[in-house]
Each structure stands twice: as structure tokens, then as C-alpha cells.
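Trainee: Line by line, the protein sequences give chains A and B.
All residue numbers for the first sequence refer to the numbering used here, where the first residue is 4 and numbers rise by one.
All residue numbers for the second sequence refer to the numbering used here, where the first residue is 826 and numbers rise by one.
Among the hints, a few may not be true.
[To be verified] DSS-like mimics (lysine-lysine), calculated; alpha carbons at most 30 Å apart, straight line:
#1 Lys108/A - Lys843/B
#2 Lys889/B - Lys104/A
#3 Lys170/A - Lys843/B
#4 Lys108/A - Lys851/B
#5 Lys254/A - Lys843/B
#6 Lys103/A - Lys889/B
#7 Lys889/B - Lys212/A
#8 Lys103/A - Lys937/B
[Claimed, not checked] Some chain A residues well away from chain B (every beta-carbon gap over 10 Å; in silico):
#9 Ala25
#10 Leu58
#11 Ile100
#12 Gly155
#13 Glu202
#14 Leu256
[Claimed, not checked] Computed spacing ranges between beta-carbons, pair by pair:
#15 Gly864/B - Gly225/A: 43 to 51 Å
#16 Glu47/A - Gly864/B: 40 to 48 Å
#17 Thr962/B - Lys150/A: 30 to 38 Å
#18 Lys147/A - Asn827/B: 58 to 66 Å
#19 Ala854/B - Gly125/A: 12 to 20 Å
In case anyone wonders, no lab produced these hints; they're calculated from the structure.
Glycine included, each C-beta is placed from N, C-alpha and C at the ideal position.
Listed below, chain by chain, are the residues.
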Amino acid sequence: MRNEDRPMKLIYYPGCTLKNSARNFDVSTVSSMAKLDVEVEELERWNCCGTVHALGADNVMNRVAPVTNLIRVKEAQATEFMTSCAMCYNTLKRANIDVKKNPDKLSTINEFLNLETTKYEGDVDVLHLLEYLRDKVGFDNLAKKVKKPLKGLRVACYYGCLLVRPKEVAFDDVENPMIMEDLIKALGATPVNFPLKTECCGAYHAVGKPEIIADRTDKIMGSANEGQVDLVVVSCPMCAYNLDFRQDDAKRLNPDFKHMPVLYFTQLMALALECGDDALRFDLHHIDPKPALAARGLA
Amino acid sequence: MNTTVRLSSTIGSSFVAKVEQVSGQKLLACYQCGKCSAGCPMAPHMDILPNQVIRMAQLGMQEKLLASRTIWTCVSCLTCNSRCPKNIRIAEVMESLRQTALRNGQRDDRLKIWETSPEARADLPPIATIAAMRKLTS
Numbered sequence: 004m005r006n007e008d009r010p011m012k013l014i015y016y017p018g019c020t021l022k023n024s025a026r027n028f029d030v031s032t033v034s035s036m037a038k039l040d041v042e043v044e045e046l047e048r049w050n051c052c053g054t055v056h057a058l059g060a061d062n063v064m065n066r067v068a069p070v071t072n073l074i075r076v077k078e079a080q081a082t083e084f085m086t087s088c089a090m091c092y093n094t095l096k097r098a099n100i101d102v103k104k105n106p107d108k109l110s111t112i113n114e115f116l117n118l119e120t121t122k123y124e125g126d127v128d129v130l131h132l133l134e135y136l137r138d139k140v141g142f143d144n145l146a147k148k149v150k151k152p153l154k155g156l157r158v159a160c161y162y163g164c165l166l167v168r169p170k171e172v173a174f175d176d177v178e179n180p181m182i183m184e185d186l187i188k189a190l191g192a193t194p195v196n197f198p199l200k201t202e203c204c205g206a207y208h209a210v211g212k213p214e215i216i217a218d219r220t221d222k223i224m225g226s227a228n229e230g231q232v233d234l235v236v237v238s239c240p241m242c243a244y245n246l247d248f249r250q251d252d253a254k255r256l257n258p259d260f261k262h263m264p265v266l267y268f269t270q271l272m273a274l275a276l277e278c279g280d281d282a283l284r285f286d287l288h289h290i291d292p293k294p295a296l297a298a299r300g301l302a
Numbered sequence: 826m827n828t829t830v831r832l833s834s835t836i837g838s839s840f841v842a843k844v845e846q847v848s849g850q851k852l853l854a855c856y857q858c859g860k861c862s863a864g865c866p867m868a869p870h871m872d873i874l875p876n877q878v879i880r881m882a883q884l885g886m887q888e889k890l891l892a893s894r895t896i897w898t899c900v901s902c903l904t905c906n907s908r909c910p911k912n913i914r915i916a917e918v919m920e921s922l923r924q925t926a927l928r929n930g931q932r933d934d935r936l937k938i939w940e941t942s943p944e945a946r947a948d949l950p951p952i953a954t955i956a957a958m959r960k961l962t963s
């Protein structure tokens, strides 16, 4: 049982994109955790998570970046840490599973990192913010802290690939996860059925094949729209970019396409916990979320 | 009982061995149910479907596979992996094919980031650019 008088302390790994184009995800994560009495401490000297998990069975080099972060967590005297970025979570968690399963690989990496005074021994747990909220804070406790219930707001929860695949990293059902819907309910909003919630957004094809992203955005946002929703929530800055910033391309592809705001789930938390406008950073969105929220009396 | 089926004794056999080694998968486990292709969100943009890739890899059809659009279109979303009734990790096979092409010593990169305008690059989230370079360049 936790001591109610003392805030919980938690090491937080933001990742590169939350310090760049997704600062709205960073500030809403940190400020809503403060309202939940969780003292979030940014990991010192964190580096790139590795971004994508290299799938080659012979790959060792691409595990160095994630393992270095796990060493930093040990150096912070912690045995677990949290990240809210789905991409960082997936890469860090899979690297952790891989080196735990393959001691030879881990010793090669430790030897390569011979200037590090701390050795990694598979003794750190990688947590995603959603599972931390469900398992350590509790959605019931979260509901009690809500100051402005998001009443009437209809939300489609988009998981994409990285929170549910592969199944070794999934903290909910692979085909029909409901953890974000449970969170949204705790905030007072209404989650809707969303058949394409775990379908890939096209990810890094944003760089070289934008026509694929336009097609994916049209299909995925179209599926969300069938539920008559006000907005879509995500947990990945890659998905957020594709689904939000590529809506004009989707509209060119399909004239019936309807524009809709895309938010991070932490922004809805910050809104319901009344963290203030600075914690929302709606200026960083392509489709402005304010009109949709105002229509429900929430902005 | 284990049965060994030798599909090809000479042509393409080192290629088949390499794909199996880099992917860590047994290609002959596939019985062509097609579930990988049925659920693939990238299938409409591919020239060869994922189940066909596995069949062609079994047969050692190196040239056709490495010249296909499919191996660069697969974005490792792992939907096929999570649904394969034979637990074949199709995405790992795709990666081994990309790696075979990228490790040929020719710097045959599939993304030339300098061809993207500075404005477009500044607009992209860092993870998009890094992920694309990790997957599409040697």
C-alpha cells in the first residue's frame, strides 16, 4: 500500500520526439502526473531509445542504445521507469526482452560498453504510462482526482502497432485492447467502438511514401468517424503526426473525408485534471482541437 | 516424425539458408493459409503478397524477391506475426530480405534523405526520419 502523504517517485524517459515536435505530449504527461501525486523525475543523460527494433536475429549493434538507457535507470537507483511514447516503449521493452533471453548478446553489449561503470544485468523493468496508471495509480483513484469530467465527449482510442505487438510487449489484449477506453471512462468521456484501432498508420513511410500515409489516414480516421466521435486519442507521436498532419492529403484522396482532431491521451488527462492551458499546447496541432472541445462545453 | 523436403539442392540454396539464418525462421513451416496477406494493412501497396514472399523464399527466388516493391513496403507492424497459425514471424523474413539487399556492399539505399526538402524534414517528427533511415539504408 502506498503512503498517501508522500508522493510516489517515478523515473521518466521522454525520448527525442517529446522534446521536439511532440512537446504537447511531454508537458501534458508531466503536469497530469503531478496532479496524481506522482513525482516524475526525468532520467539523467538519456539517449535515443533505438527508435525501431531491428528484427534481424544476428543484430547486436542496435541494442546498444536501448541498453545504455537501462544502465542510466540503474544509475538512478531505480528498478523500473516509465515512458509515454509508444515507440520508445516498444523499442526499449523489446531490447530488454531480447538481452534477457540471450545472455551472450548481453555480455557482448556490456563488453562493448566497457567504459560504463555500471553493467546491465537484465534488472530493469520498462513500463508504459498507461500500464502504470492502470496498475500503480488505479483508474478508480484517477477518477476521484478528476476536476472537470469530460462529459459528453465521444472519443475513439487508437493503439496502432506498438502498444500491442508483438504480444510479448502487450499489456492488454492484442486484437481488442481496452485499457485506453477504461482510462477515457475514468475521465468522464465516452469511448466508442473503433474497428481499426490497432491497424498500422504507415509509420516511417511518412518520409518517403506520403501517398501510403494519406491512404492509411483516410481509412483509419474514416473508421473512427463511423462512431460519430469528437476526436481520436493516441499514445504515439508517429501516429499523431500521420493521422493529424496528413489529413489534408487524405481529403485530396477522398472528398468525403472529415477532418477531426487527434490528441494524446495525456492531453485529455490534463484537461480533466485542470492542469491549465500550458499543459495542453494545442498550438502544436494541425487540426485545432478547441472547436470540438468547445462544442461539448470543455474549452 | 521429421520429414526433410529438399526443394532445391543448388539454385538459391545459400540464399534460403541466409534468409532462414538472419530471420531466425523456418520457411517450410508455412502451409499457405494466406492469413498474413489477408490482414496486411500494406497489401494494397505491394506487388507480391506476404504469403507469396514466403513461398518464393522457400524456392530461393532471390532476384524476384530483392527486386520487389513489397520488401520495402512492409513497415514491420507485426500484424502478420501475431496472427500466423504456424508462428512464423513473416516481418522477420521481410527484414532478412531487406538486409540481404542492403548488405550487398553496393550501398543500395532505398531512401535518399537529401532529396527531401529542408522544410519537409523540419516538419517530420525525429522518430519518422530515424526509423526510415534505420529500415531503408545500410
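Trainee: Determine for every hint whether it applies to the structure shown.
Mentor: Hint check results:
Distance restraint check for Lys108/A and Lys843/B: the Cα-Cα separation of roughly 20 Å lies within the 30 Å cut-off, and the hinted pair is therefore satisfied. Restraint check for Lys889/B and Lys104/A: not satisfied, since their Cα atoms lie roughly 35 Å apart, outside the 30 Å limit. At most 30 Å may separate the alpha-carbon atoms for a hinted pair to count; Lys170/A and Lys843/B meet this at roughly 26 Å. For the given pair, Lys108/A sits about 22 Å from Lys851/B by alpha-carbon distance, which is consistent with the 30 Å threshold.
Distance check on the hinted pair: Lys254/A and Lys843/B sit about 44 Å apart at the alpha-carbon level, beyond 30 Å; violated. Restraint check for Lys103/A and Lys889/B: the C-alpha separation of about 37 Å exceeds 30 Å, so the hint is violated. For the hint pairing Lys889/B with Lys212/A, the CA-to-CA distance comes to about 22 Å; that is within 30 Å, so the pair holds. Our distance criterion of 30 Å between C-alpha atoms is broken by Lys103/A and Lys937/B, whose separation comes to about 36 Å.
Non-interface status of Ala25/A relative to chain B is broken: a Cβ of that chain comes within 10 Å, the nearest being about 7 Å off. The claim that Leu58/A lies off the interface is violated: its Cβ sits roughly 4 Å from the closest Cβ of chain B, which falls inside the 10 Å cut-off. For Ile100/A, the condition that its CB be more than 10 Å from all CB atoms of chain B holds, with the nearest at approximately 14 Å. Every beta carbon of chain B lies more than 10 Å from that of Gly155/A, the smallest distance being close to 31 Å; the non-interface claim holds.
Under the 10 Å C-beta cut-off, the non-interface status given to Glu202/A relative to chain B is violated; the minimum distance is some 5 Å. No beta-carbon of chain B is positioned within 10 Å of the beta-carbon of Leu256/A; the least distance is around 13 Å. Between Gly864/B and Gly225/A the Cβ separation comes to about 18 Å, which falls outside the hinted range of 43 to 51 Å. Taken as a hint, the range 40 to 48 Å holds for the pair Glu47/A and Gly864/B, whose Cβ atoms sit roughly 42 Å apart.
For the pair Thr962/B and Lys150/A, the supplied restraint of 30 to 38 Å is violated, since their beta-carbon distance comes to about 48 Å. Our hint of 58 to 66 Å for Lys147/A and Asn827/B holds, since their Cβ atoms are close to 59 Å apart. Judged by the Cβ atoms, the range 12 to 20 Å given for Ala854/B and Gly125/A is violated: they are separated by roughly 30 Å.
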